[in-house]
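What follows is each chain in one-letter form.
2 protein chains.
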Amino acid sequence: MRDVAIIGVGMIPFGRRDEDTLVDMLAYASMKALDDAGVDAVDALYVANMGGGVIQRQTAIASALVDRLSLLPAAADLVENGPASGGSAVKNGVLAVASGYYDVVLVAGGEKMREVTGWRATDFVATLTHPQTEYPYGITLPGMAGMFTRLYMEKYGVTREMLVEIAIKNQTMGALNPYAHVEMMITKEGVMDSPHSVVNNPPGATPLHLYDMCPVSDGAAALILCPLDRVKELTKNVPVIVAGFGQATDTHTLAEREDPTDLKAVTLAAQQAFERAKMKPEDISVAELHDAFTILEIAESEHVGFFKKGEGGKAVLAGKTKLGGQLPINVSGGLKARGHPVGATGVAQIVELTWQLRHELPKERQVKGAKAGFSINFGGFGNNVVAFVLKRGEK
Amino acid sequence: MRDVAIIGVGMIPFGRRDEDTLVDMLAYASMKALDDAGVDAVDALYVANMGGGVIQRQTAIASALVDRLSLLPAAADLVENGPASGGSAVKNGVLAVASGYYDVVLVAGGEKMREVTGWRATDFVATLTHPQTEYPYGITLPGMAGMFTRLYMEKYGVTREMLVEIAIKNQTMGALNPYAHVEMMITKEGVMDSPHSVVNNPPGATPLHLYDMCPVSDGAAALILCPLDRVKELTKNVPVIVAGFGQATDTHTLAEREDPTDLKAVTLAAQQAFERAKMKPEDISVAELHDAFTILEIAESEHVGFFKKGEGGKAVLAGKTKLGGQLPINVSGGLKARGHPVGATGVAQIVELTWQLRHELPKERQVKGAKAGFSINFGGFGNNVVAFVLKRGEK
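Respectively, the protein sequence lines represent chains U and A.
Residue numbering for the first sequence follows my numbering, beginning at 1 and increasing consecutively.
Residue numbering for the second sequence follows my numbering, beginning at 1 and increasing consecutively.
A few of these clues could be false.
Stated by the list, open to error - With a Cα cut of at most 25 Å, we get these calculated DMTMM-like pairs of lysine to aspartate or glutamate:
hint: 1; chain 1: A; residue 1: K280; chain 2: U; residue 2: D43
hint: 2; chain 1: U; residue 1: K264; chain 2: A; residue 2: D103
hint: 3; chain 1: A; residue 1: K264; chain 2: U; residue 2: D40
hint: 4; chain 1: A; residue 1: K314; chain 2: A; residue 2: D283
hint: 5; chain 1: A; residue 1: K320; chain 2: A; residue 2: D262
hint: 6; chain 1: U; residue 1: K264; chain 2: A; residue 2: D43
hint: 7; chain 1: U; residue 1: K280; chain 2: A; residue 2: D43
Just so you know, these hints were derived from the structure itself, not from any lab.
Chain U on its own, in the form it takes in the complex:
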């Protein structure tokens, strides 16, 4: 079991990228990561993508990418795990290096979702629901999130004000992130209390409104992994160490969970990641949580141990999760503002944390002196979750 480091990262601006194919986007992000690391050959490549088959009707995308990047004859596989495909691909890249079989590994995540917008995008994501007990009844991910939100609000006293505060925080930070899809700042008056808010922020899946949900985005992100003991030979960058990771699953069908507010896979994945890293939630300087819906940022921050159950929403109102607060969460803007091209998200989270841990971001986005980062990539409605703990290494 070798220690594994991230030595290069790259991302392309998320949003609407009509002019690029899926492989184009993966290639652009990969070239940035290769350039950033300063390497021009890899031993293996992993692609994270969920919708190539459903949306683009394209398979063998890893074979296409390895050739497009002139990285032949490197091994190339695609990893799919719904919206946690990115996390899973990074995990398998880490295993490939840790095993001793591969040294330099590229992981690229991407999704071209804007070919299916509106209900078609929601329907694409719903291809991950249970094909007999969920999909035929019309339940979608926003629908599940709405029901989850109602239960979580009742059980833990989460208020709509807390949710709105997350939307505002993440869109404010997203407006500072050149890679973010959503550049528009919002105010509490505009989305919550004014007569205009009914028009501007209509209910989507009650109690969730439009601004509680992530947009439908195109995008890609990539990173380069290598054994920690080869970092100095391969790159000039400060290495970021993959201190720990975790992955856990829960029932495919949401209705089968004894307590649907209990995101067991989130708790377990985080526990595994912290145990392997020999670290605790208190050691984390900056976190990227999977806020596809605002409620998830609160629920995840509690399930992974940053706050006690019922305290996550209060922490948001108290400004504890803002930049400059006790634990800045989604300084990138999160899925809410950066966007959520599903296959890209898990990789993009690690790219953002790498920038944070290398202290390379502009002052208005940098968590000062960040030493350790944490991410949750949330697959299905919490049925397959991947967590990472990253540490700033020595140059």
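Use these hints to put chain A onto chain U, whose structure you have.
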């Protein structure tokens, strides 16, 4: 880097399985593998599948399977690499165990292809071709194979008689394999020389005829991996050791290869597998090659070093690759007769080799005293190839 062993295997009969969903098939094969090993929990699960998105419009199949098998909260990912998805999933399972992070790993490969038959099946497989330079021009995998066959025949003196001999050999063996899709025996007179052969064995992609091509099949296969040093504690089976593996890529577009008869990725993947195993082609007792088209059995047997270039076809005519010959190839019937449910194939090859190396097959199918096995799983048209070298271990 830990040594990895296969301690359980399972397969369901390939063919037309209208009554089963894709997840049903994966679950049945997995339950057989778990039963065979004698384990009832795993740390991680890998699914190999190519067409879930394109054919079934279903994603997150690994999350569905892990729940269906009551293996929660095990980590679960899907691996896709076109027709070599099975080989890639097994490889990633091996890396997961070798890394030291996971001990007991289930790998299940499956495909439900009969929902799209005829040209639609060919069109589904063509989703792996280049979306700009190949697919729009109507080239399909049989088309590529036809052109490849013509060139290979001209360059290396392969004859139609040699191809027909492979079809007969593999269908004869398939008729003895209860897991094979094609149960019909064929004769040289029936498919090559008689007036009836024009009707019974029409040209498909000249010079390939109907019986040179694998059928469109549903099916699934699964296996259980663990560290070699935990075998005795976990199972009563003779372990089969993953002595080596290799994976290599080639140009996505067939037309870009300097010499299209040179399957570079096959050669490289085999070299890697033999080097890691510290073994040579001469050490192999039984091989499963990827005979989606009869020509590939000859071409692969030469590229991996079993025979010199130009000698593979002669070896077939001389009976060297039959059961009882110098090196029995595709005793299972191969893709030609067992069938080629694409995501299942790479796993099914390893399952067959495991039975061979455990000496468990009926006399008419068993390679006597088999000590080492070899497989080639051929993705794209040779653009992403996975090879394995397996060894019989000590009980």
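Here is what the structure says about each hint:
no.	hint	verdict
1	A/K280 to U/D43	holds, 23 Å
2	U/K264 to A/D103	holds, 22 Å
3	A/K264 to U/D40	holds, 21 Å
4	A/K314 to A/D283	holds, 21 Å
5	A/K320 to A/D262	holds, 23 Å
6	U/K264 to A/D43	holds, 16 Å
7	U/K280 to A/D43	holds, 23 Å
Checked against the numbered hints listed earlier, the structure breaks none of them; every hint is satisfied.
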